[in-house]
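> For reference, the chains in residue letters:
There are 4 protein chains.
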Amino acid sequence: MASPGIGKGRLEAFSDGVLAVIITIMVLELHAPHEAELSALLEAAPAFLAYVLSFIFVGIYWNNHHHLLHSVQHVNGTVLWANNLLLFCLSLVPFTTDWMGENHFAMWPVIVYGVDLLLAGVAFFLLAHSLIRLNGKDSALAQALGSDLKGWVSPILYLVGILSAFIHPYLAYGIYTLVALMWFVPDQRIERLLRRER
Amino acid sequence: MASPGIGKGRLEAFSDGVLAVIITIMVLELHAPHEAELSALLEAAPAFLAYVLSFIFVGIYWNNHHHLLHSVQHVNGTVLWANNLLLFCLSLVPFTTDWMGENHFAMWPVIVYGVDLLLAGVAFFLLAHSLIRLNGKDSALAQALGSDLKGWVSPILYLVGILSAFIHPYLAYGIYTLVALMWFVPDQRIERLLRRER
Amino acid sequence: MASPGIGKGRLEAFSDGVLAVIITIMVLELHAPHEAELSALLEAAPAFLAYVLSFIFVGIYWNNHHHLLHSVQHVNGTVLWANNLLLFCLSLVPFTTDWMGENHFAMWPVIVYGVDLLLAGVAFFLLAHSLIRLNGKDSALAQALGSDLKGWVSPILYLVGILSAFIHPYLAYGIYTLVALMWFVPDQRIERLLRRER
Amino acid sequence: MASPGIGKGRLEAFSDGVLAVIITIMVLELHAPHEAELSALLEAAPAFLAYVLSFIFVGIYWNNHHHLLHSVQHVNGTVLWANNLLLFCLSLVPFTTDWMGENHFAMWPVIVYGVDLLLAGVAFFLLAHSLIRLNGKDSALAQALGSDLKGWVSPILYLVGILSAFIHPYLAYGIYTLVALMWFVPDQRIERLLRRER
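Chains as they are written, first to last, in our numbering: chain A, 1 to 198; chain B, 1 to 198; chain C, 1 to 198; chain D, 1 to 198.
Hints are computed from structural coordinates only; laboratory data are not their basis.
Treat the hints loosely; a few may be bogus.
To be verified - Some, not all, of what chain C presents toward chain D, calculated at C-beta under 7 Å:
id: 1; residue: A20
id: 2; residue: T24
id: 3; residue: L30
id: 4; residue: A32
id: 5; residue: A36
id: 6; residue: S39
id: 7; residue: E102
id: 8; residue: F105
id: 9; residue: A106
id: 10; residue: M107
Said to hold, decoys possible - A few chain C residues that face chain D, going by a derived Cβ cut-off under 8 Å, partial list only:
id: 11; residue: G17
id: 12; residue: V27
id: 13; residue: L28
id: 14; residue: P33
id: 15; residue: E37
id: 16; residue: L41
id: 17; residue: A45
id: 18; residue: W62
id: 19; residue: Q73
No experiment lies behind these values; they were computed from the predicted model shown.
Don't be surprised by glycine CBs; every beta carbon is placed ideally from N, CA and C.
Put together the whole structure using the sequences plus the hints.
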């Protein structure tokens, strides 16, 4: 079928659907303990910590995805497949979260968890740049992304986190958490701070 | 990325998606008995009762969330993360429901179930007040919430329910059910009743 | 919170979300056999047959729900909770389907399956009539429902099916299938046929 | 109920929801290994490969479904049930993927996987033609589908893949992958290429 124009609205709706399912089915991996004691619940603490981190990451990606498409006018086939690549990477988060939580943050699960986040970051980068190529370097999106500091720092921190896991997995978990916290701080204040430092 | 305006519509769509998945995947924890006898089904009765209560609570939150955002014009980053906090608390409901149902309403599961509902109530409060701060104290939302009696009584009842679980877990279950029933009664009649009492 | 107007659009979106999850998670109960032989697959045939029937029923309910809300202007709290009751009954379909399929259409699972469908039919009736009460007896909806033959025949057939299960469960399965097939036949032809018979 | 006009928007929303759930719950079948070693992860490689292929196929169907309905004005009951048939075939993908992955691409699972894809292709064909019948042979849709080469080649390749599984299952997997890759290449270039070859 010849490629007609693609609706941005339906791309957002499908992505929202996939992200909503990803963020929610992760809880199915949090198996309720068979005993009714509080101590049994505490044994599920590592799985819970992994769940919290992943919930925040998927929430951040939804937020960023929302911002990315908000100022965009046009969408094409390349954008669609870059978006699917991002959704694919994020669809693996329930798997990597489960492996990391079940194994109490052992080295390899923590590394694979970070690699998946890194790949998602790369996919997001590809999505952003396929959108800029389509909408023009003077578009509102391109100007907004011009000061995209977090977008550049995140993958570098993921990489540092992955490598640090070889020293101690908790170090990696700490760095991943740092990336998550970084996204909580409102952007504009950071940017003002950075301008002053320059 | 600099924070552009956030679409209220997409916040609603994402929340609807997450709540729809939460309310539905709970049924996956209702494991079908291996025997085909009615007695085998009755053994699943506690899990079923827990499911019914949770279905109603998530339904109430969806209803309240709907009302809360209906009269709102603007949304910002704080609102978005308060909303994510609410969704996180509610995403744990399938887990706490499963634990409570599987252990036939034992003390600790019933307490943890109530604590999760209490936290969801606090998150809803934060969401409501971040919306008021953004939309102004004279907004339609602020005036509607001005008489938000149920919103104040619910967390107090949850707390009473949690504490009463130390006496007997069924007492707590009863109080949680009371909160659910309270939300069924149409608001306006309650308000008229209260005005007369004053 | 005082009850402001409720958006019909968001009620549809939430219902679509819940029905989409219900219709899809049922497949998770179709456990893939451990052996790679075709004979192993055939052992899953009863579970598959139960899945097919339930997929059609949820599809029919989505279709009818779609039609019901299409011609409607106003929605209120009663409609919302009648809708939640319908979604609750349908949310149990994955459970009853699993029980019926796993036990190869034994008597009690087939009866409970039918009772759930009957309750969903009653909830749909309540939803339709709460909509008519709100939108008026002269509304397009009320006139469309005036000739709602299938809506009346279905619950009666479910009841006959449930009772026939005491004779033989396959009889009940056949009658449930009949109800499903009845909904496939386009309405207008049936109505013309009935007019001629009169 | 007499059949009023059916909203295309809600058909798209429901389909998006179902496809979003299908594409995401497949990851639940990717069970995280109990050991924290990289070798344990590699044992999950066949299941992962099956997941990747299925993710791409469901993504392609979402993309095609999007294109198909984009240029359409009217929708009726036949379209709705052709759409449900397509969703049903695709809802079985998590099951066939799991069976194929768990059995390391053994013959019968690979055949059944292909048969499901073939049936989905047939359902898509029925959906497309029920849309053309409704919207007219001169509609934008009919003209777009007039050069629908991939739509014709895909089912033939699926059939070749299914038959080749009797020689070696990996051959079938390769042909299925070929179909997936074919859909990645932008349509217009292929068409220009084909025009030159003529």
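> Now look at each hint and say whether the structure bears it out.
Checked hints:
1. A20: With a closest approach of 3 Å, the A20/C hint holds.
2. T24: Check passed: Cβ of T24/C comes within 4 Å of chain D, closer than 7 Å.
3. L30: Holds, about 5 Å.
4. A32: holds, 4 Å
5. A36: holds, 3 Å
6. S39: violated, 9 Å
7. E102: Since the shortest Cβ distance to chain D is 15 Å, the answer is violated.
8. F105: violated, 20 Å
9. A106: Violated, about 23 Å.
10. M107: violated, 27 Å
11. G17: Holds, because the Cβ-Cβ distance from G17/C to chain D comes to roughly 6 Å (cut-off 8 Å).
12. V27: At 5 Å from the nearest chain D Cβ, V27/C passes the 8 Å test, so the hint holds.
13. L28: holds, 6 Å
14. P33: holds, 7 Å
15. E37: Cβ of E37/C sits 6 Å from chain D, so the hint holds.
16. L41: Status holds, d = 7 Å.
17. A45: Hint on A45/C: violated, closest Cβ of chain D at ~13 Å, above 8 Å.
18. W62: holds, 6 Å
19. Q73: Because about 13 Å separates Q73/C from the closest Cβ in chain D, which is outside the 8 Å limit, the hint is violated.
The structure shown violates the earlier hints numbered 6, 7, 8, 9, 10, 17, 19.
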